[in-house]
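Chemist: These are the residues of each chain, in order.
Number of protein chains: 2
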Amino acid sequence: MTLPATVSGPIYDRIALIGLGLIASSMFWAIKRSGLAGEVTGYARSATTRDTARRIGLCDRVCDSAAEAVEGADLVVLCVPVGVMGDVAAEIAPALKPGATVSDVGSVKRHVIEAVGPHIPEGVDFVPAHPLAGTEHSGPESGFAELFDNRWCLLVPVEHAAPAAVQRLRHLWEAMGANVDEMEPDHHDLVLAVTSHAPHLIAYTMVGVADDLRRVTDSEVIKYSAAGFRDFTRIAASDPTMWRDIFLTNKAATLEILGRFTEELFALQRAIRTGDGQHLFDYFTRTRAIRRGIIEAGQDTAAPDFGRGPKGKT
Amino acid sequence: MTLPATVSGPIYDRIALIGLGLIASSMFWAIKRSGLAGEVTGYARSATTRDTARRIGLCDRVCDSAAEAVEGADLVVLCVPVGVMGDVAAEIAPALKPGATVSDVGSVKRHVIEAVGPHIPEGVDFVPAHPLAGTEHSGPESGFAELFDNRWCLLVPVEHAAPAAVQRLRHLWEAMGANVDEMEPDHHDLVLAVTSHAPHLIAYTMVGVADDLRRVTDSEVIKYSAAGFRDFTRIAASDPTMWRDIFLTNKAATLEILGRFTEELFALQRAIRTGDGQHLFDYFTRTRAIRRGIIEAGQDTAAPDFGRGPKGKT
Chain A
1 MTLPATVSGP IYDRIALIGL GLIASSMFWA IKRSGLAGEV TGYARSATTR
51 DTARRIGLCD RVCDSAAEAV EGADLVVLCV PVGVMGDVAA EIAPALKPGA
101 TVSDVGSVKR HVIEAVGPHI PEGVDFVPAH PLAGTEHSGP ESGFAELFDN
151 RWCLLVPVEH AAPAAVQRLR HLWEAMGANV DEMEPDHHDL VLAVTSHAPH
201 LIAYTMVGVA DDLRRVTDSE VIKYSAAGFR DFTRIAASDP TMWRDIFLTN
251 KAATLEILGR FTEELFALQR AIRTGDGQHL FDYFTRTRAI RRGIIEAGQD
301 TAAPDFGRGP KGKT
Chain B
1 MTLPATVSGP IYDRIALIGL GLIASSMFWA IKRSGLAGEV TGYARSATTR
51 DTARRIGLCD RVCDSAAEAV EGADLVVLCV PVGVMGDVAA EIAPALKPGA
101 TVSDVGSVKR HVIEAVGPHI PEGVDFVPAH PLAGTEHSGP ESGFAELFDN
151 RWCLLVPVEH AAPAAVQRLR HLWEAMGANV DEMEPDHHDL VLAVTSHAPH
201 LIAYTMVGVA DDLRRVTDSE VIKYSAAGFR DFTRIAASDP TMWRDIFLTN
251 KAATLEILGR FTEELFALQR AIRTGDGQHL FDYFTRTRAI RRGIIEAGQD
301 TAAPDFGRGP KGKT
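Chains as they are written, first to last, in the UniProt record's numbering: chain A, 1 to 314; chain B, 1 to 314.
Some clues are possibly wrong.
Repeated chains share a single entry, so a pair holds when one copy, or any two copies, can fit it.
[Unchecked claim] The calculated lysine-lysine pairs, modelled on DSSO-like cross-linking and capped at a C-alpha distance of 30 Å, are:
#1 LYS32 x LYS97
#2 LYS32 x LYS223
#3 LYS223 x LYS97
No wet-lab data here; the hints were simulated from the structure.
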């Protein structure tokens, strides 16, 4: 399903990356790994980020304006927080080359389509995308070429996108190591609310609760943080701006999932309170089976990770 | 603070491990790594587990009854689910050697002290313990010698325990690679409710919700499970019996933490609903700082893990 990362030549003559965080920097290194573009230009709003990018060789050319970066580009990828996609699209629109494709990497798709779509000029294709990959780190120095290897990238083409433009973007993502699927925007937003957005909010909440508790000191929480909590803090360390925007722009689906979550949680709390061990055991047995399904689907490994020992990670 | 794992000789002549799951099997390999006992005997209720243990060389001698395993042992460690600790203690009590120490590895301490304590004969010391280490795997084949390296083990000595017995057990855990602290039982149960028990219940709940959702298929959840959800499924794959018992025996503290959790979650849900981005941003910034504290405390590494790529793990 994925093209071997080595079998590739340039897919676009020039790619512009707007926003130079974890995803953009990983895209750059993945593009370079297989020579997927003639030139990659980059732009970040912050001068510090642009300086860092120049220092570490991130992008062939770092520009001081978004308009300069997109000039002559065949593909422009918006790698900024979801909440500012519309503003950035308005800013670059006049500089876009006819025949170019605009894409993005936002975690919410309906809002991005509504915010960016109206700014896309006639003769330019808009093909929203969302790579399901990331780490808890952010910024221009956090990227690495392997981030997308064997991860999914969801393309969410708008109605009037040219099939050739969609196909070419799919080719790029496959050559960067990803598996590609297409999905309808509202369904995308619901699937992500379940698999990513609600879990992140829950992790943020639990970490906040631990910090608030007066009878347990922060240093105790930190010293004795066991498996479950350590994984939560990892999730809860993700970029605050990015996540604020995700929740504000995928409001309906996130709130729906959180509503179901609290319902289920109350049922389990009740089982604990009433001592209904069978209910708990059955529930936990079912969730264990779901985990096995994820491992079988190849989205994770069976290596033990909680120990964080030699067998679990490097 | 920790003795180097190599500088050690036998600390006990004979150690008996009752229950042969992840913790007991890891203890065995850690004991063998540094020659910390003359002989290690083992017993598991299931004949299949005993057969597996014999096949893989887990324990110097696998016995067909708990009484046989503890006979002549200087240290007996109960490595069974918290809910059956009392029954197992009653079963082995008559066979305990005078002067022996009984310990356990349960995740709840007040309940274990109340269930096991009354069965401990005169002349035997009871020193409850809890190693804060584990993986989502269970059973006799899941153990490895490095599981406790640089993890905490909490000793929760009962009032009348002989200081020498506590000191000797501390020495064993340090020689198995752990850092050791002492804690009072009720405080232990509250700290663990925050850092482990509530997070596990929350992870179980979220994985169950994902499975229940009719408009998103299981295969979609599995295929597209992103970082947050993958970590939840990992947590939610832990042993169902063990976790059922933990929630039933640490009921009060777990319910208290869950109550605070739902309060906070409702506040964040409200911020999403009303579009209060500042509240979300401030909250997420605070949780990110907590994560940094955990890394600085040496309880985890800064290596990116969500990508599960070459940089993140083997």
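Chemist: Give a verdict on every hint.
Modeler: Results for each hint:
no.: 1; hint: LYS32 x LYS97; in the structure: within (23 Å within a copy, 68 Å between copies)
no.: 2; hint: LYS32 x LYS223; in the structure: between (41 Å within a copy, 27 Å between copies)
no.: 3; hint: LYS223 x LYS97; in the structure: neither (55 Å within a copy, 36 Å between copies)
This entry does not satisfy hint 3, going by the numbered hints stated previously; all others are met.
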